[in-house]
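Chains A and B supply the protein sequences, listed in that same order. Here full-length UniProt numbering is used: the first residue of the first sequence is 1, the next is one more, and so on. Here full-length UniProt numbering is used: the first residue of the second sequence is 1, the next is one more, and so on.
Note that these hints are calculated values from the structure, not bench results. All C-beta atoms in this analysis are idealised placements derived from N, C-alpha and C, irrespective of residue type, glycine included. Heads up, some of the hints might be wrong.
Claimed, not checked - DSBU-like, lysine-lysine: derived pairs with alpha carbons at most 30 Å apart:
| # | chain 1 | residue 1 | chain 2 | residue 2 |
| --- | --- | --- | --- | --- |
| 1 | B | LYS398 | A | LYS57 |
| 2 | B | LYS463 | B | LYS109 |
| 3 | B | LYS356 | A | LYS46 |
| 4 | A | LYS217 | B | LYS109 |
| 5 | A | LYS16 | B | LYS463 |
| 6 | A | LYS217 | B | LYS356 |
| 7 | A | LYS642 | A | LYS506 |
| 8 | A | LYS46 | B | LYS398 |
| 9 | B | LYS128 | B | LYS109 |
| 10 | A | LYS46 | B | LYS26 |
| 11 | A | LYS52 | B | LYS364 |
| 12 | A | LYS180 | A | LYS202 |
| 13 | B | LYS529 | B | LYS548 |
| 14 | B | LYS297 | B | LYS230 |
| 15 | B | LYS398 | A | LYS52 |
| 16 | B | LYS356 | A | LYS16 |
| 17 | B | LYS384 | B | LYS362 |
| 18 | B | LYS318 | A | LYS57 |
| 19 | B | LYS318 | B | LYS255 |
| 20 | A | LYS217 | B | LYS128 |
| 21 | B | LYS362 | A | LYS52 |
| 22 | B | LYS53 | B | LYS109 |
| 23 | B | LYS53 | B | LYS364 |
| 24 | B | LYS255 | A | LYS46 |
| 25 | A | LYS241 | A | LYS16 |
| 26 | B | LYS364 | A | LYS46 |
| 27 | A | LYS217 | B | LYS463 |
| 28 | B | LYS318 | A | LYS75 |
| 29 | A | LYS241 | A | LYS642 |
| 30 | B | LYS551 | A | LYS217 |
| 31 | A | LYS46 | B | LYS551 |
| 32 | B | LYS398 | B | LYS364 |
| 33 | B | LYS529 | B | LYS551 |
| 34 | B | LYS26 | B | LYS341 |
| 35 | B | LYS128 | B | LYS255 |
| 36 | A | LYS46 | B | LYS529 |
Unchecked claim - Calculated from the model, a selection of chain B residues having no Cβ within reach of chain A, i.e. all distances over 10 Å:
| # | residue |
| --- | --- |
| 37 | ARG455 |
| 38 | ALA516 |
| 39 | ASN517 |
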Amino acid sequence: MASEAVYSHRGPMLKKRDDFEDLLEERRNSSDLRYALRCYTPVLYKGVAPCKTNMLKSMVLQSDQLHYVINQVSKETGRATGEVQEEASAILEEMAHSLQLSTIRFFAFILSKIFKTLFRGICVNEEGIQRLQQAIQEHPVVLLPSHRSYMDFLLMSYIMYTYDMALPVIAAGMDFMGMKFIGEMLRMSGAFFIRRSFGGDKLYWCVFSEYVKTILKNGFAPLEFFLEGTRSRTSKSLTPKLGLLNIVMDPFLKGEVFDVSLVPVSISYERVLEEALYARELLGIPKPKESTSGLFKARKVLSEDYGSIHVYFGQPISVRSLAQGRVNRCQFSLAPRHLPRRPSEEVQSFVSDSAYRLVGAQEENMVLKPWVLLVSLLLQDHHQHRGVGQKRGMSLDELTTQVVWLRDISRQYGAFLHWPDHVPPSEVVSSSLSLHRGLVRVSEGRVQLAVEQAGEPGSNLTPEEELLSQAVILLSCISYRNQGLHVFLRPALLASAIHAASSNQKQEVFNSFSFLRNMFSNEFILCPGATVQDFEEACYLLVKTGALQVTQDEVLVTERGHRTVGFLTSMLDPFLQGYQMVCRFLCEEATGSLTEKQFIPAVRKFIIRHLLSGSLRYTEVLSSDLQKNVLAALLRLGAVRKVKGFVRCHRL
Amino acid sequence: MKWNGWGYSDSRFLFNKKGQAEFTGKRYRLSGMIIPGLKDWFESTFGASLQHKTPPILNSGAVPPPTLNEAFVEELKSTGIPMSHEAEDRVFRSHGHCLHEIFALREGKVGRVPDMVVWPSCHNDVVKIVELACKHNVCVMPYGGGTSVSSALECPPEETRSIVSLDTSQMNRILWIDEKNLTAHVEAGIVGQDLERLLNESGYCTGHEPDSMEFSSLGGWVATRASGMKKNIYGNIEDLVVHVKMVTPRGVLEKSCQGPRMSTGPDVHHFIMGSEGTLGVVTEVTMKIRPMPEYQKYGSVVFPNFEQGVACLREVAKQRCAPASIRLMDNEQFQFGHALKPQVSSIFTSFLDGLKKFYITKFKGFDPSYLCVATLLFEGDREKVLQHEKQVYDIAAKFGGLAAGEDNGQRGYMLTFVIAYLRDLGMDYYVIGESFETSVPWDRVLDICRNVKARIVRECKDKGVQFPPLSTCRVTQTYDAGACVYFYFAFNYRGLSEPVHVYEQVEHAAREEILANGGSLSHHHGVGKLRKEWMPETVSNVGMGMLKSVKDYVDPNNIFGNRNLL
């Protein structure tokens with residue numbers, strides 16, 4: 001069953017995964033123009049003809065749901081229904097896509113050129129494509145790609161076009177609309193635009209959800225949206241947003257369609273285009289607003305080598321089998337289905353669990369390059385040898401031996417590692433290093449992160465400025481390390497728990513595991529309520545790799561396990577330190593209340609002070625992502641309270 | 001009557017030596033005819049083959065010896081009421097017509113059966129039997145026509161007392177007809193077709209025509225809340241009943257007068273209707289009668305697709321102008337009906353058929369794999385019928401419907417009478433099937449039809465059924481607030497080691513799907529033992545408590561121990 005893929009996604013079994021085909025290979029050998037103009041005849045859901053934009057709009061405007069809400073709004077505000085209707089119509093106009101094949105063909109041509117310059121290859125698992133093709137014919141399909149780059153949705157449409165599949169309709173954030181020309185182009189290539197926040201606006205919500213449901217129910221086109229809601233700046237998966245997932249599950253729960261297939265898609269970039277941009281953003285160096293001219297300035301990126309992209313289309317997951325035994329669909333029998341109703345607790349927790357599983361499925365099929373392992377080792381080395389008067393960096397040989405060790409461990413943990421086995425490890429290492437030469441430096445046979453370069457002597461930088469420019473490099477490196485975090489996360493939580501626990505008693509260790517897991521559940525993808533499973537999985541993996549002995553009531557690190565446990569603890573250490581730092585800030589500096597806006601700059605200042613004084617060694621704590629996550633976690637745990645836009649901290 | 005299949009012994013489908021299907025006997029319009037299209041339809045729909053036969057095992061198997069309550073038997077003998085503990089009589093009354101029941105019989109398997117059969121001939125006989133049963137703690141199971149499809153007649157295997165099957169078939173008289181009030185007082189054992197025939201002789205009818213009316217009994221209708229095909233004119237059983245007598249362990253339950261409506265607290269008739277033999281035996285019923293209709297006319301409408309058809313039925317219901325019967329068959333059922341067309345008598349008719357087909361598919365552009373048919377039956381005086389007919393056809397036209405002749409309509413109704421015979425034919429060739437029904441609000445009709453049919457297909461696939469199943473439905477009754485939907489489902493079980501188990505799992509899943517889509521547990525088949533697991537969620541725990549407390553009061557010792565419903 002399709003659902004098993006999700007339910008067992010944390011299963012300790014090693015997954016069998018599909019092979020990849022490079023789709024650019026053909027592009028390099030045949031005419032892009034002919035490709036852009038070729039005959040395009042996708043298979044469709046149950047033979048439904050694609051729906052004209054105007055027909056779709058009128059279906060939405062005529063829906064019972066919208067009528068109901070229009071009348072309601074009109075009653076509440078005293079405005080004429082005609083007026084509200086017009087507003088609805090305007091919202092729809094602002095939102096709706098206007099997919100045109102000619103635009104797609106234009107993009108197909110342009111993107112072929114761009115992709116060939118930027119990337120060595122775009123590798124796609126063709127079996128996944130075939131599964132998707134099958135799914136499209138049987139049920140409405142929702143594509144759920146991971147989101148790391150602006151490229152993502154163009155890339156998705158490009159792939160769908162290449163394999164002659166129905167072009168998706170994509171939910172995009174309104175910020176694109178700022179770029180006039182590009183915005184319209186994207187609209188014509190199938191994007192529709194949603195405002196970032198429309199909390200209380202029921203008319204907007206209704207138009208939006210009806211629009212999505214109409215597309216889905218009739219199977220006019222595959223729907224595509226990003227579960228994470230926005231691009232992850234850290235390469236860690238973001239806590240899933242539930243709004244759209246709620247909407248796409250609704251037609252199934254209410255029996256309006258027999259089933260919906262959810263297809264997680266994992267897009268892994270060997271080098272992210274926005275690499276340095278993200279780091280700056282996280283450090284609070286403001287990002288340029290999306291604008292067309294800005295995009296053209298970014299064209300210097302075209303001259304660089306960004307390695308390859310791997311796109312893995314996961315097993316389609318049937319919403320029906322997800323909901324089997326979880327949701328009692330009879331709850332929708334007692335009221336007309338078009339009345340807006342807040343989802344029941346049962347449905348909410350079902351949607352939330354599903355979302356976590358789907359993001360988990362995305363993570364699981366992310367392709368990891370050797371660089372991810374290398375940079376993890378280099379970062380640990382960087383922090384361990386900070387400020388000590390010995391030689392900086394690691395020797396190439398040492399790095400190679402260590403990375404081979406780490407490779408074997410991560411494989412046992414089920415990582416989807418793309419390691420060319422027919423090439424000697426030393427070559428793998430050197431080619432990885434050369435692709436990321438902006439981030440590492442190799443001299444005299446030693447490798448270290450390129451942080452020193454950032455602050456060359458001679459340039460009159462204040463210590464703070466120097467710190468920040470180093471941080472840009474470090475955060476870039478960290479984003480690569482983060483790509484592999486999900487592989488090590490559970491064992492790392494266990495390793496840290498063992499480290500923190502006062503004894504080797506299993507219960508003690510579990511309690512400390514449970515505490516850490518709870519604390520970090522805004523930071524990493526950890527499905528609520530799965531503590532025991534996660535603990536068991538972590539134990540299983542560490543026992544399997546010989547790092548741990550678990551008896552009836554004791555957990556013991558083995559002799560040869562110290563190295564693994566040490567590595568894992570160091571992986572989580574920056575986060576632990578970071579969380580402690582933010583808490584210290586709240587206790588020491590933020591007496592009384594603090595507005596949310598003041599929080600980030602204030603905590604940043606506090607951290608910079610500690611970094612400069614040497615009492616904190618992890619520069620990554622400067623990342624605003626981490627700081628926000630701590631705040632969210634503290635709010636969730638009730639240590640901090642929100643009072644009308646102010647944050648007030650309880651005595652911790 | 002057959003003991004291990006449906007209906008009369010002389011009527012059955014078979015494939016003759018030439019491989020053509022024919023229907024034997026003389027009783028039906030289809031009797032004695034060759035049905036040329038059936039074999040192809042049968043083979044292509046199920047992937048079945050005439051080479052692979054599964055004939056029934058004729059040895060009725062070892063029937064366990066009866067557990068008799070000697071004291072009860074002795075005292076009963078003195079009353080002179082006929083009784084029997086012959087194996088054949090007992091087996092015959094041990095089952096209804098669920099697939100698993102018939103399948104077991106064909107394989108010669110017999111489970112717990114009644115220990116004896118009694119044939120009361122009037123109300124007072126029943127009173128005596130029930131008194132004695134209470135005195136000697138014997139379990140009584142009322143038996144009417146034996147057409148149950150809810151496992152209601154299955155003897156509970158855990159029952160250790162002697163089980164007496166109380167066969168009402170000898171209580172089959174019309175006791176009086178009241179022409180002033182248009183009511184008839186009838187003994188409850190009368191079978192539908194006899195009741196209708198006898199009333200017709202006096203120029204009346206009840207108009208209650210369930211598909212099983214050839215065999216089902218008046219008492220059974222009351223005990224299961226039956227529904228008839230022509231309920232749009234005559235009403236369902238609860239609309240037809242004026243007065244009922246039921247013999248219970250506490251005594252006789254009846255009302256004191258025949259007022260057409262009463263405001264006297266909850267209607268005690270509603271404890272009787274749908275009680276499924278758990279509270280007592282219905283012995284006599286006063287029911288409404290009507291003068292026989294002057295004129296009857298069949299009709300049919302072809303729609304380009306099922307959605308349009310449902311929209312049309314909804315409109316007809318909204319305007320409250322439904323004919324005596326209106327049914328909408330989906331495309332699969334239309335094809336099925338088509339396969340049952342008897343051999344045409346002349347070249348002219350076949351030419352005409354071809355022309356019709358050409359007109360609909362080519363000229364009107366209906367896709368033969370989407371189109372569906374509504375069958376209609378009008379009744380009343382001639383003028384009104386014609387007027388009514390026009391009104392309905394005008395509505396149909398608004399939904400793209402084309403009138404498609406009387407013949408198609410009539411064949412549609414015939415299908416419901418012969419389908420049970422067809423199941424026996426299927427069982428000869430590895431095909432098993434069943435029908436089930438539900439009622440559902442209008443706005444969910446399309447969704448429930450689509451989802452339940454798809455669920456059946458998916459479940460069959462998941463359970464290892466090698467061939468795609470037949471999964472089809474029709475909207476068979478219309479109401480103000482919703483409709484009754486009837487599903488047929490059948491599959492070829494070659495390659496399955498436990499076909500009945502698979503079948504039951506699929507049926508169970510289909511019922512879950514119905515409930516999940518806002519459908520009811522049953523529209524007219526009843527609950528029996530087959531569907532009672534869903535009763536608490538259907539009527540709530542409080543509702544269950546209410547029903548149970550009635551049972552506890554009326555029958556504290558569980559004399560009527562068939563364990564249906566609760």
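Hints versus structure:
1. Of the supplied pair hints, the one linking LYS398 (chain B) and LYS57 (chain A) holds, its CA atoms being roughly 25 Å apart against a limit of 30 Å.
2. Taking the CA atoms of LYS463 (chain B) and LYS109 (chain B), the gap is near 24 Å; set against the 30 Å cutoff, the hint holds.
3. Distance check on the hinted pair: LYS356 (chain B) and LYS46 (chain A) sit about 28 Å apart at the alpha-carbon level, within 30 Å; holds.
4. Between LYS217 (chain A) and LYS109 (chain B) the CA atoms are separated by roughly 48 Å; this puts the pair beyond 30 Å, and the hint is violated.
5. Between the alpha carbons of LYS16 (chain A) and LYS463 (chain B) the distance comes to roughly 25 Å, so the proposed pair stays at or under 30 Å and holds.
6. Between LYS217 (chain A) and LYS356 (chain B), the direct Cα distance comes to roughly 35 Å. Violation of the 30 Å bound is thereby established for this hinted pair.
7. Distance check on the hinted pair: LYS642 (chain A) and LYS506 (chain A) sit about 37 Å apart at the alpha-carbon level, beyond 30 Å; violated.
8. Straight-line distance between C-alpha atoms of LYS46 (chain A) and LYS398 (chain B) comes to about 26 Å, which keeps the hinted pair within the 30 Å bound.
9. Taken as a hint, the LYS128 (chain B) and LYS109 (chain B) pair is broken in the structure, with Cα atoms around 34 Å apart against an allowance of 30 Å.
10. Between LYS46 (chain A) and LYS26 (chain B) the CA atoms are separated by roughly 45 Å; this puts the pair beyond 30 Å, and the hint is violated.
11. Pair hint LYS52 (chain A) plus LYS364 (chain B) holds up; C-alpha atoms about 25 Å apart against a cutoff of 30 Å.
12. A C-alpha spacing of about 27 Å is found between LYS180 (chain A) and LYS202 (chain A), which places the hinted pair at or below 30 Å, so the restraint holds.
13. Distance hint between LYS529 (chain B) and LYS548 (chain B) is fulfilled; the C-alpha atoms sit about 15 Å from each other, no more than 30 Å.
14. Pair hint LYS297 (chain B) plus LYS230 (chain B) holds up; C-alpha atoms about 13 Å apart against a cutoff of 30 Å.
15. Restraint check for LYS398 (chain B) and LYS52 (chain A): satisfied, since their Cα atoms lie roughly 25 Å apart, inside the 30 Å limit.
16. Proposed proximity of LYS356 (chain B) and LYS16 (chain A) is contradicted: the alpha carbons are some 57 Å apart, above 30 Å.
17. Taken as a hint, the LYS384 (chain B) and LYS362 (chain B) pair is broken in the structure, with Cα atoms around 34 Å apart against an allowance of 30 Å.
18. The suggested pairing of LYS318 (chain B) with LYS57 (chain A) holds, with an alpha-carbon distance near 29 Å, which does not exceed 30 Å.
19. For the proposed pair LYS318 (chain B) and LYS255 (chain B), the alpha carbon gap of about 35 Å is over 30 Å, so the pair is violated.
20. At most 30 Å may separate the alpha-carbon atoms for a hinted pair to count; LYS217 (chain A) and LYS128 (chain B) exceed this at roughly 62 Å.
21. Our distance criterion of 30 Å between C-alpha atoms is met by LYS362 (chain B) and LYS52 (chain A), whose separation comes to about 27 Å.
22. This hinted pair checks out: LYS53 (chain B) and LYS109 (chain B) have alpha carbons roughly 19 Å apart, not beyond 30 Å.
23. For a cut-off of 30 Å, the pair hint linking LYS53 (chain B) to LYS364 (chain B) is broken: about 42 Å separates their Cα positions.
24. Distance check on the hinted pair: LYS255 (chain B) and LYS46 (chain A) sit about 58 Å apart at the alpha-carbon level, beyond 30 Å; violated.
25. Simply put, LYS241 (chain A) and LYS16 (chain A) have alpha-carbon atoms about 29 Å apart, close enough for the 30 Å limit, and the pair holds.
26. Of the supplied pair hints, the one linking LYS364 (chain B) and LYS46 (chain A) holds, its CA atoms being roughly 23 Å apart against a limit of 30 Å.
27. The hinted pair formed by LYS217 (chain A) and LYS463 (chain B) meets the criterion: a straight-line CA distance of about 28 Å does not exceed 30 Å.
28. For the proposed pair LYS318 (chain B) and LYS75 (chain A), the alpha carbon gap of about 28 Å is at most 30 Å, so the pair holds.
29. A distance of roughly 21 Å separates the Cα atoms of LYS241 (chain A) and LYS642 (chain A); the hinted pair therefore holds under the 30 Å criterion.
30. Only pairs whose Cα atoms come within 30 Å are accepted, and LYS551 (chain B) paired with LYS217 (chain A) is rejected, the gap being roughly 47 Å.
31. Between LYS46 (chain A) and LYS551 (chain B), the direct Cα distance comes to roughly 51 Å. Violation of the 30 Å bound is thereby established for this hinted pair.
32. Distance hint between LYS398 (chain B) and LYS364 (chain B) is fulfilled; the C-alpha atoms sit about 15 Å from each other, no more than 30 Å.
33. At most 30 Å may separate the alpha-carbon atoms for a hinted pair to count; LYS529 (chain B) and LYS551 (chain B) meet this at roughly 16 Å.
34. With a CA separation close to 17 Å, the supplied pair LYS26 (chain B) and LYS341 (chain B) stays within the 30 Å bound.
35. Restraint check for LYS128 (chain B) and LYS255 (chain B): satisfied, since their Cα atoms lie roughly 21 Å apart, inside the 30 Å limit.
36. Between LYS46 (chain A) and LYS529 (chain B) the CA atoms are separated by roughly 39 Å; this puts the pair beyond 30 Å, and the hint is violated.
37. Distance check for ARG455 (chain B) against chain A: the nearest CB is about 7 Å away, which does not clear 10 Å, and the non-interface claim fails.
38. A cut-off of 10 Å between C-beta atoms contradicts the statement that ALA516 (chain B) is not in contact with chain A; the least separation is 4 Å.
39. Non-interface status of ASN517 (chain B) relative to chain A is broken: a Cβ of that chain comes within 10 Å, the nearest being about 4 Å off.
Consistency note: the structure conflicts with the earlier hints numbered 4, 6, 7, 9, 10, 16, 17, 19, 20, 23, 24, 30, 31, 36, 37, 38 and 39.
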